[in-house]
Amino acid sequence: MADAGSSAPPVVEFHDVTVAYSGRPVLWNVDLTITEPCLFGIIGPNGAGKSTLLKSGLGLVPLVHGTARFWGRPLADVRRRVGYVPQRETVDWDFPVSVMDVVLMGTYGRLGWFRRPGSRERSLARECLDRVGLIDVADRQIGRLSGGQQQRVFLARALAQEADIYFLDEPMAGVDARSQEQIFGVLAGLRSEGRLVVVVHHDLRTAATWFDRVALIDMRLVATGPTAEVLTPDNLRRTYAGQVDLLQEIGQAVAARSRTT
Amino acid sequence: MSPTACLAAAPALTHNTLVVAAGVAAVGCAAGVVGSLSLLRKRPLIGDAAAHTTLVGVAAAFLLTGRRDLPTLLTGALVAAVAGLAALVLVRRFTRTRDDAATAIVIGVGFGLGIALLSGITARGLPGSAGLEQFLLGHTAALTVRDAVLLAVVSAVAVAVVLLGLKEATLVAFDADFAAATGWPVGLIDQVLVTLVAVMVVVGLPAAGAVLVTALVVIPPVAARQWTDRVPTLLVLGGTFGLVAAIVGVAVSAVVPRMPTGPLVVLAAATICIVSLLIAPRRGWLARRHQQVTLEPPPGMRRLR
Amino acid sequence: MNPVLDGWSIDGATAMHAWAIATAATVAAACALVGTLLVVRRMSLLGDALGHAVLPGIAVAVLAGGRPGSPFVFAAAVATGLLTVWLTRLVRSAGSLSDDAGTGVVFTTLFALGVVIVTAAASRVDLDPSCMLYGILELVPFDTVSIGDLEVPRGFISAAVVLGTLTTAAIATWKLQVFTAFDADAARAAGVPVAAVTGGLLAATALATVAGFEVVGAVLVVAMLVVPAAAAELLVRRLHHMVLVAVALAVVGTCLGYLAAWRWNASAAGMIAVVLGLEYVAAVVLAADDGLVARGLGRLRYAWRVLCEDRLAAVWRAEEKGTAATAPVSLVQRLAVGWLRLTGRFVGRAGGLALSSAGRREAEMVVRSHRLWEAWLGQHAQLPLDHLHPPAEWVEHHLGAAMRQRIEAEVGAAGDPHGSDIPPEA
Ligand SMILES: Nc1ncnc2c1ncn2[C@@H]1O[C@H](COP(=O)(O)OP(=O)(O)OP(=O)(O)O)[C@@H](O)[C@H]1O
Ligand SMILES: [Mg+2]
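The listed protein sequences correspond, in order, to chains A, B and C.
The opening residue of the first sequence carries number 1014 in this note's numbering; numbering runs sequentially from there.
The opening residue of the second sequence carries number 795 in this note's numbering; numbering runs sequentially from there.
The opening residue of the third sequence carries number 39 in this note's numbering; numbering runs sequentially from there.
Fair warning: there could be bad hints in the mix.
[Unchecked claim] Rough simulated footprint, nothing fancy, chain C against chain B, three-plus residues with beta-carbon under 8 Å:
no.	region
1	882 to 890
2	901 to 908
3	1002 to 1016
Honestly, the hints are just simulated from the structure, not real lab data.
Model, not experiment: these values are computed from the prediction.
All C-beta atoms in this analysis are idealised placements derived from N, C-alpha and C, irrespective of residue type, glycine included.
Start from the sequences and build out the full structure, keeping to the hints where you can.
Laid out in structure tokens, this is it:
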């Protein structure tokens, strides 16, 4: 922000981010800059650290080093403007809440301590449910939905956050083609409203058609840039059959030494 | 102390018995409400570790102050319960010991220390030490009206805190990652919840005793969960079941001589729970059986296979 | 084995205490044996639950005429233990509950039932309600049978039988238990009857629990089951070592606990649990690889190594550039330099410090690690040049010779991205 003369600071900037779980690094020195709102895909094999990358941006895991900044500011300043859809397996589907309750949770951040959602929040939640096509099941317990519907509930909750940046962790997991289209449609709508949407995604085919830009991740950043330039056979080979065993061994060596820390 | 004890031992429904029953019922109700939240947070047994360390506090409070009025002893119990939970956190933080073993260690060693202190006190025949062991299995007959009022007030405060922070607690219980990502202090909210559980365990001591008081925060919520898919209803039902169980337990123990209150309260709650597990609509055993039957193919088709 | 047996210090009280200690230690050994498997299989809370839940079984068996400690009562209690496990599963699936919640409902209910039965029948049968909670170890030596001309407490005999049974069973099924504990799925795939092995462990737990029940009571059994095993887990890694250490800790802790209780006139069961807890704390502090002391020392040693390696590398780089190395500023840096001089890696020279040949080799390996890692990151992690240095500063202290060679093979001839030479492997 000191360089007021030059262009606006990037929307999201991961600067040299390294993350370790109990001393074992799983993400090495990721340098990733997203300069303007777009539909951004994060792609990589299982265990590549995609979820970890999103979590590091959201302050959910401590960084060994590096920083994550939004519009040049630390997360604490802009928390309300960042929406999040966690990976689905962490959710207890038997929890006694209705679809409407879950979507209303998106408004809690703005409500602050102890204030209950009122009619404004309810109508916002209904709007969001409508946008993802779930208004008819608003009163159902969340376990009584199909996989695709469940995924869209969490999308609606994120919409209710009215954020400017969205981090979505595998929103298409276990979702059929039609629901995928629908979800991508909503995401594209967000982009055209000038918001940044970062999506962890598995399917390379749909990635090529929907994302403006992508990053390939496999314990480190393999490549990033416009989708067509990045999704080359060479880059994909480096991502899916790459250097990980070396990184994993070094990670183990580091963990063994620093278990003492 | 002894006149009230004599009075309460008689099965007659004196004014005192009624007030005490009301106080204990308030505790049962609040324990059901707080326990519902800890059930939702998937930590139903967190209270057990706290409960078993309370004895240390009871004994230490008596040794330090030489007094045995309920507020003093329960204050000691609360300090000890929080210390037990802190020990749990330390074990988790600094050792490889896994959570289940850590809980068992705190339960076993905490209770052992409590028993050692209590037995030491009893063996020395310190003046006024009689009756401390009533905290083991619960004994409401000796409560005074002032004690009952204290229990009721603490319970009311606990329920008020739950109602105030219900939105936040539900959010954290449902999706802690999302709560943290949207800036809620998950650790702090968890700590408040755990402290509430510790408080309920402590005020539940006269009703159920250290060994069984966990049941007050576990069983009514489990029963309530069978009937509803909404958090507010869960709290109301959990509170109601806890209240009913407490009243039944106190009433029966007032009639049966020498019977400690705790086991009776627990059995009353367990009865409600068993009935709920059996007949609750949709989640209950009967309802599911019925569903399975109707889902099975009609007899004609079954013969085809 | 114990002083009572040979006639040199027999006075009545000592003999009584010796029998009580022997009984408690036998029970503790049996519990530690079973508890080790419970702890590694993450079933500790089950031990706690069983301790409470066998009470109604014992109470009913005693009401039906069984004598505490008799095979009939044991059988009833073990049956109740297995029933508890089954009930827990039933409640859990009936209510779609978590493990914890199901356990919490069942064991408190059964224990409450047991207390009610015992209290209601206290006048009719010989079962002291307080014994439910903290045992009657002090009374064990008074209930004896004659074997030859020796008066042996019944409690000791049943404890010894339980220990013998469990030890035999453990030795006979050890491989299966270990396999199942280590990886139940793989064991099942390999044809191990996992359900039977687990059932056997549960029955063993119930057996040990009942033996402990009489001695230390329902609640403190969990201390005997879990605490020595958890301490042993911190001290050693192999499972069969764990068992031996756990049993040793249990026996020692029991003896010390009993003596402490005697000294301070307190409940033996309570003191035993306290001493076992102290043993656990000692293990937390002193464990060889993971203890607090070892960790603190390891951290210090690591920091010291980093400090020394950084000094060596700084001097090496200065030599390479032909400039003077920056002088050590902080006190610890000066200490490190002193140490390096003392161990012959720096030699004093007129202008200041110079590397000895040993020091040079070490410094070169640090610089080599640093530059190889920079090169690798530059090629594989899309990092701009000016971001390469900090990660390498960190990783340079962690790479071994083999790792360096692999990285070199992958980096190829490209060399250091800043254009410096990468020193060869020593
Ligand atoms: N809480 C944790 N504690 C320890 N290790 C973890 C934790 N979370 C993740 N890991 C490890 O970190 C690595 C990266 O995990 P992460 O969840 O970020 O992968 P991912 O790319 O999201 O994989 P997936 O496609 O399966 O979701 C994995 O090796 C995983 O085992
Ligand atoms: Mg993931």
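We went through each hint and held it up to the structure:
1. 882 to 890: holds (count 4)
2. 901 to 908: holds (count 7)
3. 1002 to 1016: holds (count 7)
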